[in-house]
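Residue-level listing of the chains:
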Amino acid sequence: MDDCRHTPDVTKLAAECPLPFCATRDDIAPLFTAEGYINGDVKEFCLKDQRGKWVILFFYASDFTFV
Amino acid sequence: MAAVAAVYPQLKKLGAVVWAISTDSVFSHKVFKDVSPLARRVQYPLLSDRNQRISRAYRVLDEESGATMRATILIDPEGVIVSKLVYPEEVGRNIPEIVRLLEAIQFGRKTGLGVPANWVPGMPGVKRDIRLAGTI
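Chains V and X are the protein sequences, given in the same order.
Quick note on numbering: numbering that gives the first Met the number 0 labels position 9 of the first sequence as 8, and the sequence is numbered without any gaps.
Quick note on numbering: numbering that gives the first Met the number 0 labels position 73 of the second sequence as 72, and the sequence is numbered without any gaps.
The hints are simulated quantities; they were obtained by calculation from the structure and are not laboratory data.
Do not rely on the hints blindly, as some may be mistaken.
Stated by the list, open to error - In silico lysine-lysine, DSS-like type, Cα no more than 25 Å apart, as pairs: (1) V:K47 <-> X:K109; (2) X:K12 <-> V:K42; (3) X:K11 <-> V:K42; (4) V:K42 <-> V:K52; (5) X:K11 <-> X:K109; (6) X:K126 <-> V:K47; (7) X:K11 <-> V:K47; (8) X:K29 <-> X:K11; (9) X:K12 <-> V:K52; (10) V:K42 <-> X:K109; (11) X:K109 <-> X:K32; (12) X:K109 <-> V:K52; (13) X:K12 <-> X:K32; (14) X:K11 <-> V:K52; (15) V:K42 <-> X:K32; (16) X:K109 <-> X:K126; (17) X:K11 <-> X:K32.
One chain only, chain X, in its complex shape:
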């Protein structure tokens, strides 16, 4: 939570709305925010998916445990899912990758260029041209 909080200003600057969602109640969310020193830094809302419907709709509900899987879903301004990252139970997210993903998709849409592997802001995009095939 704090790891996301650290990049929240950056995500906000990129025009993104950030919502965290779990199947906990809002009461649990409140206590979590009040008592956890790391959660206290969280500036974005903690949504309660008490009936598990949102998790199920996004196909990220772990039916065994009744808890949501660790997943990051990026939705574009038209309401279409652009990316869905689902993580193993025991592995936390790579937060910088989420920032990069948003920067990269925005760069790609703005320029019409392809965005190569390991692209970071400042790097060039790739021209989509059949004549360039085999030259890059």
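Only chain V is shown next, with the shape it has when bound in the complex:
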């Protein structure tokens, strides 16, 4: 308890600090273009072209692992 009371309260400082971009809820989805493998071919995939559609991005660590 004593230790806790003597710890400086940084919440005020943190509240005043501008928030970094966290790419989380309500943020603009960063646009990108990437090569992707589909139907035996390599194609370009551009996020901007998907405007008007719902998009689900499944990030995964590496091929040959579980999703």
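Following the hints, put chain X in place on chain V, whose structure we already have.
Below, chain X without anything else, positioned relative to chain V:
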């Protein structure tokens, strides 16, 4: 991958585009699809984030390993992130939850109703009305 493939028709029906992304090369993606019996069922593209820029931009790059974290990001038709689920290294996703999430956000936007905990299609939404506060 196969778990996502199993619900892909459902996600497509809901109007969603599905992309899987890792820092592997497209060559790795090809071999993965060719040799893994489960990956063979995958109908959606496997994107290569070889320079890790996409993972970094979405704040899901594990700097220690250089690999992407297991994360599911839902983006709405206006290009805004609606939801971001990041998983522990040793735990796989709950795939039905991703379908439910998409159904729920679409239901909520269509009806203007709140979508309560554990909502599934067929269940009612919650009216947002201050007069109802304390009655539900």
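Of the numbered hints stated previously, which ones are contradicted by the structure, given in increasing order? As far as the earlier hints go, 6, 10 and 11 are violated by this structure, in ascending order.
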